[in-house]
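Following the hints, complete the assembly by docking chain A onto the known chain D.
2 protein chains.
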Amino acid sequence: MGKYYKTTPWVIPELPQSLKNIFKKNGKKISIRKNQVISGNDETALFSNTEKLIYIDSGLLGQAYKTYCVNKPYAMSIVLPGRMVNYLHYLEIDNSGDIILALRKSDIFTMTKSQFDGITEKDLKDEMVRYCKKAVTSDFDAMCCMFTCDTPQRLAYFLKALAESFYDDISTMPLVEIPLKLSYAEMSYIMHTTIRTIERLLPKWRSMGYISTRRNSLIIYK
Amino acid sequence: MGKYYKTTPWVIPELPQSLKNIFKKNGKKISIRKNQVISGNDETALFSNTEKLIYIDSGLLGQAYKTYCVNKPYAMSIVLPGRMVNYLHYLEIDNSGDIILALRKSDIFTMTKSQFDGITEKDLKDEMVRYCKKAVTSDFDAMCCMFTCDTPQRLAYFLKALAESFYDDISTMPLVEIPLKLSYAEMSYIMHTTIRTIERLLPKWRSMGYISTRRNSLIIYK
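Chains D and A supply the protein sequences, listed in that same order.
Position 161 (the first sequence) corresponds to 686 in the working numbering; numbering is contiguous.
Position 146 (the second sequence) corresponds to 671 in the working numbering; numbering is contiguous.
Chain D with its partners taken away, still in its complex shape:
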């Protein structure tokens, strides 16, 4: 990834602190239970995708693209705390095919785009636009990976993207502990593959000494 991608595919970048502060100070805080659909074209969703910008303060969200594929209706990327979603809406790019849901119990802060634009100075609005565009580039890279790499390659890229999302520079670290435990089912959604493929790959990598798992984390040996 360091070699190929400038972004961390499947894991959008962190929001700058200045923008986080705006959400925490002015946004509406909502606690979301696991599996609740927060936003998007789903009858159980709290909001439409063009209604709210959503900042995640704690927990874990998933951003699922509708694929119109019978067997695998969604392709998912994950949203770690400190990120903002509905960036396509902020950029006024059509995002009606997305759904945002809580993969864990999460705390979010929401604001409308016009609320955000109304209270922020030009330099912070520019910062927001830059953030949203970086998130789009990350999505492009993830999609590119999705259709060009086989599942083991994709999974390796995804774990590297995760590692790079938690640490500034992993190049000198002999091992990286990712403080997040995803289920095999969640990984299969993110990789858009079957659970069986994940069940085959991860134990194999564990027995080969590439990874190990703890109660609440995953360790990657390099």
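No lab work stands behind these hints: they were computed from the structure.
These numbers were taken from a predicted model, which means no experiment stands behind them.
Careful, some of the hints might be misleading.
Copies of the same chain look alike in the list, so a pair counts if it works inside one copy or between any two.
Computed cross-link-like contacts, BS3-like style, restricted to lysine-lysine with a CA-CA straight-line distance of at most 27 Å [what the hints assert, rightly or not]:
{"no.": "1", "residue 1": "K591", "residue 2": "K658"}
{"no.": "2", "residue 1": "K647", "residue 2": "K658"}
{"no.": "3", "residue 1": "K591", "residue 2": "K531"}
{"no.": "4", "residue 1": "K659", "residue 2": "K531"}
{"no.": "5", "residue 1": "K549", "residue 2": "K638"}
{"no.": "6", "residue 1": "K747", "residue 2": "K647"}
{"no.": "7", "residue 1": "K747", "residue 2": "K630"}
{"no.": "8", "residue 1": "K597", "residue 2": "K553"}
{"no.": "9", "residue 1": "K659", "residue 2": "K591"}
{"no.": "10", "residue 1": "K554", "residue 2": "K706"}
{"no.": "11", "residue 1": "K647", "residue 2": "K659"}
{"no.": "12", "residue 1": "K549", "residue 2": "K650"}
{"no.": "13", "residue 1": "K531", "residue 2": "K658"}
{"no.": "14", "residue 1": "K638", "residue 2": "K658"}
{"no.": "15", "residue 1": "K553", "residue 2": "K647"}
{"no.": "16", "residue 1": "K550", "residue 2": "K630"}
{"no.": "17", "residue 1": "K647", "residue 2": "K559"}
{"no.": "18", "residue 1": "K553", "residue 2": "K729"}
{"no.": "19", "residue 1": "K659", "residue 2": "K554"}
{"no.": "20", "residue 1": "K638", "residue 2": "K659"}
Frame of chain D, contents of chain A only:
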């Protein structure tokens, strides 16, 4: 596609006439030979991707994404006459992984972003931003198709996108003649599959009466 996608995946939308006029009046006209790389990270390219906006007046361009995959290094979408590329650059989204090349002898008009912005009124700049965002949505849909559909589905979607790009409303047409002949190799790049797969599929569809081919066109029966 009418059913699932609001865009025509793999085939970006046409530039509004008002914007075409700006390129034709103020742009620099260049004739490009087949296979010349026009723009992007390639040593034979005429320009970098952040140097020029490129309007295609006649011919056929290809927009190739670098995939970092050894066997299939590019995934391609086609650019029909009347379109403008380097829209990611206009939106200031990183597009360093793309290459734009001529698939046929083509005439293009080029301008820099600052040249375009310097001579156009706000409403036309807004029109340009809307155009570029629509092109991004088309790319998202194409990528989504690429990793979720099998090759026959992808190829059917692609032919439908082509048909919808040449005609305003194909819903009432018993057959659609696409005035463009793509080689099996070109189709394999666009579908990111092997030539063999295309060689297997298209003759089969022809014998089943779904399509027929003329010297310079492809006919789809519905």
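Structure-based check of all given hints:
In this homomeric assembly, K591 and K658 come within 27 Å of each other (Cα to Cα) both inside a single copy, at 21 Å, and across copies, at 19 Å. Both within a single protomer and between protomers do K647 and K658 lie at most 27 Å apart by alpha-carbon distance, with minima of 17 Å and 22 Å respectively. Taking the closest pair of Cα atoms, K591 and K531 come within 27 Å of each other both inside a single copy (26 Å) and across two copies (13 Å). For the identical chains of this complex, K659 and K531 are neighbours both inside a copy (10 Å) and across copies (24 Å), given an alpha-carbon limit of 27 Å.
In this homomeric assembly, K549 and K638 come within 27 Å of each other (Cα to Cα) only inside a single copy, at 15 Å, whereas the closest approach across copies is 37 Å. Taking the closest pair of Cα atoms, K747 and K647 never come within 27 Å of each other, the shortest separation being 43 Å inside a single copy and 52 Å across copies. Neither within a single protomer nor between protomers do K747 and K630 lie at most 27 Å apart by alpha-carbon distance, with minima of 32 Å and 49 Å respectively. Taking the shortest Cα distances, K597 and K553 never come within 27 Å of each other, neither inside one copy (34 Å) nor across copies (47 Å).
For the identical chains of this complex, K659 and K591 are neighbours both inside a copy (21 Å) and across copies (18 Å), given an alpha-carbon limit of 27 Å. For a Cα distance limit of 27 Å, the shortest separation of K554 from K706 inside one copy, 25 Å, qualifies, whereas the shortest one across copies, 56 Å, does not. When the C-alpha separation of K647 and K659 is checked against a cutoff of 27 Å, the pair qualifies both within a copy, at 18 Å, and between copies, at 25 Å. With identical chains, the CA atoms of K549 and K650 are at most 27 Å apart within one copy only, with a shortest distance of 16 Å there and 34 Å across copies.
With identical chains, the CA atoms of K531 and K658 are at most 27 Å apart both within one copy (13 Å) and between copies (22 Å). For the homomeric pair K638 and K658, the shortest alpha-carbon distances inside one copy (16 Å) and between copies (18 Å) are both at most 27 Å. For the homomeric pair K553 and K647, the shortest alpha-carbon distance inside one copy (22 Å) is at most 27 Å, but the shortest distance between copies (34 Å) is not. Proximity of K550 to K630 under the C-alpha cut-off of 27 Å is restricted to the intra-copy arrangement: shortest distance 21 Å within a copy versus 57 Å between copies.
In the homo-oligomer, the alpha carbons of K647 and K559 never lie at most 27 Å apart, since the shortest distance is 36 Å inside one protomer and 45 Å across protomers. In this assembly of identical chains, the alpha carbons of K553 and K729 never lie at most 27 Å apart, being 45 Å within a copy and 57 Å across copies at closest. Only within a single protomer do K659 and K554 lie at most 27 Å apart by alpha-carbon distance; the minimum there is 25 Å, versus 33 Å between protomers. Proximity of K638 and K659 under a CA criterion of 27 Å is satisfied in both settings, with 18 Å inside one chain copy and 20 Å between copies.
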